[in-house]
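*Asks:* Take a look at the letters that make up each chain.
There are 2 protein chains.
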Amino acid sequence: MQIPRQQMSSREIVETTLKKHNCENSTLILGISGGSDSMYMLKILSEIAPKLNLKLIVAHVNHMLRGNESDTDEKFVKMACNSLKIKCESAKINIKKFQKSEKLNLESAARTKRYEFLRKIKGKYKAKFILLAHNATDNTETVLLNLIRGTSIRGLSGISELNGDILRPLLPFSKKEIEKYCKKENIKFRIDKTNFDIKLKRNFIRHKLIPQIEKLNPNFTQTTLKKSQYFKQAHEFLSNLAENWINSNCKIEKHRINCDSKILASESDFLKKLIIENIYEKFNGSTLDLESTHIDELLKVINKNVGNKEKQIGTRIGIKKISGKAIFYKTASSKPS
Amino acid sequence: MQIPRQQMSSREIVETTLKKHNCENSTLILGISGGSDSMYMLKILSEIAPKLNLKLIVAHVNHMLRGNESDTDEKFVKMACNSLKIKCESAKINIKKFQKSEKLNLESAARTKRYEFLRKIKGKYKAKFILLAHNATDNTETVLLNLIRGTSIRGLSGISELNGDILRPLLPFSKKEIEKYCKKENIKFRIDKTNFDIKLKRNFIRHKLIPQIEKLNPNFTQTTLKKSQYFKQAHEFLSNLAENWINSNCKIEKHRINCDSKILASESDFLKKLIIENIYEKFNGSTLDLESTHIDELLKVINKNVGNKEKQIGTRIGIKKISGKAIFYKTASSKPS
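Residue numbers (our numbering), protein chains in the order written: chain A, 12 to 348; chain B, 12 to 348.
One or more of the hints may lead you astray.
Given that identical chains are not distinguished, each listed pair holds provided it fits within a single copy or across any two copies.
[Unchecked claim] Okay, derived cross-link-like pairs now, PhoX-like style, lysine-lysine, Cα gap no bigger than 20 Å in a straight line: (1) LYS212 <-> LYS262; (2) LYS243 <-> LYS212; (3) LYS131 <-> LYS103; (4) LYS273 <-> LYS331; (5) LYS124 <-> LYS210; (6) LYS210 <-> LYS226.
Treat the hints as calculated values from the structure; they're not laboratory data.
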């Protein structure tokens, strides 16, 4: 019989998550920054490791963004690993330099380099998963950030427990719970004082918005975690629908998707939008740059009855209607004649 | 050519909405409380009426909840109608009494009686629509209230411009815009100081939450209004999918829906949940009382492979699996043998 979540200790909950994803007898990479979340994850995993026969490797990235502070974080993580007898791989990466050369925002630059390093370490040790210490409060912040910007269903899915090779065993716990555990168990951690733009927004949401919302629903973080799972299911369901539609009604080439324009026109506007999103993702790898005004412009062409119509959104996606076909294409170079 | 929204006056926007819904040459009932929103709607409609050949009837409900204040509101609305030469129908309704006898919360009781009166007046004058003065801020509040409680896609649809016979021509404007118009045009209105529970929550959201959120996105109200339309489309699309699935795979009787259990089991959990919601709504008229834990319990029965299983949620809905069939039924009295 399953034990209800409320009666389980945080260790039991994490253990259940690891077992659910068949982590027994495997190597795991732990992404550790030195903050409270990651130090709690390190402690808990080090205790569970013998029982599940896990080999743990800690990976730490020194982003070199806060001078001495960053170096002290690195030393702190190394010392913690030392006392727990866990191998620690760390790297100094000049994020500022990378950011400038790639013209990215600081958060994106740091994330790109961090994941690159984590994947490298994962490869080196042939590990099963990379474990990150995101929690339920992070999930709520993500959902609220997306909602405030104006999001579709996907943006309400929040953070996944498992996404590819990234596993997040602390997702069931709020930031408050984790800080309480750290205090109770005397777990030391470092406080990150960086001012990434995204972090400023997250801090504002965490310290200003969420406490206000919790006056209306004290369980808001758990409510959101549960609902994120529902929205994730919804997104996957709709995404599959569009995928199946395209497979049934279109001829797919690498940079060109050729659909029956009459069948496409007969579908609901909502399904047409899903199809546009799916094709855009096929061409560009993600829908991050796709704005809803772009979708509306392509939709207009699909819905026009008369004449051979055409529309191109930058060099990302175009549509051309010609003799009973609606042809989606990527970039000017692959434009159909 | 369409004039962009930004270049239109509020009167032109309202006129466009009325034309879109073919209101020319018809009778309209205006639900007027005496507050800023409704008094602005009254003023604007009285100016548009001659051009579109509209017959306007004002309907006002005195909820008798604030003694003298309520009576003064009623007099205020009647005087305004008098000076605009618009017929005013008003009713004194003892909401407290009705609330006690029906064991409703105050907001539900007031809403039930208000809509009952508005529909009565609509019938009396054979009117085309009832016009209510809900605005974009009301929509944002509704979306946030639902989100905070934990909502599905439907709850993010917010308030519809047109819902059955209810039309809301002020939906494009925020509360702030309306108050600015009232000040500029010297439109007098009454301030409602009631403390319905739902109003307290709405006030909290309006005065505490939304101003904080607007620090991150100053256009949050308009963003939410646009996204509400997207979520409404999504809800309708999913609802139609479930409806079509049921029509294709089930035998529908009044209190009993008999589905092929093998085909049902082969669908994704997300579609199964949509089907449960749809059937619940068929049996009970709405999904207001349907909790996600109830859906999960029914889902479990659908997903069980072995044995003849059964589950009943109160007297609202039950499911019984028997010889290749999944039978949904309403109440114990219609339980299948």
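*Asks:* Is it within a copy, between copies, both, or neither that the alpha carbon of LYS210 lies no farther than 20 Å from that of LYS226?
*Replies:* between (24 Å within a copy, 15 Å between copies)
*Asks:* One pair to classify: LYS243 and LYS212, alpha carbons no more than 20 Å apart. Within, between, both, or neither?
*Replies:* Cα proximity of LYS243 and LYS212: none, with 23 Å in one copy and 28 Å across.
*Asks:* Since the copies are identical, ignore which copy is meant and state whether LYS273 and LYS331 lie within 20 Å (CA to CA) inside a copy, between copies, both or neither.
*Replies:* within (14 Å within a copy, 42 Å between copies)
*Asks:* For the identical chains here, do LYS212 and LYS262 meet the 20 Å Cα criterion within one copy, between copies, both, or neither?
*Replies:* neither (43 Å within a copy, 52 Å between copies)
*Asks:* Is it within a copy, between copies, both, or neither that the alpha carbon of LYS131 lies no farther than 20 Å from that of LYS103?
*Replies:* This pair counts as within: shortest intra-copy Cα distance 14 Å, inter-copy 74 Å.
*Asks:* My question is about LYS124 and LYS210: at a cut-off of 20 Å on alpha-carbon distance, are they close within one copy, between copies, both, or neither?
*Replies:* The answer is within: 17 Å in one copy meets 20 Å, while 49 Å across copies does not.
Checked against the numbered hints given earlier, this structure breaks hints 1 and 2; the rest are met.
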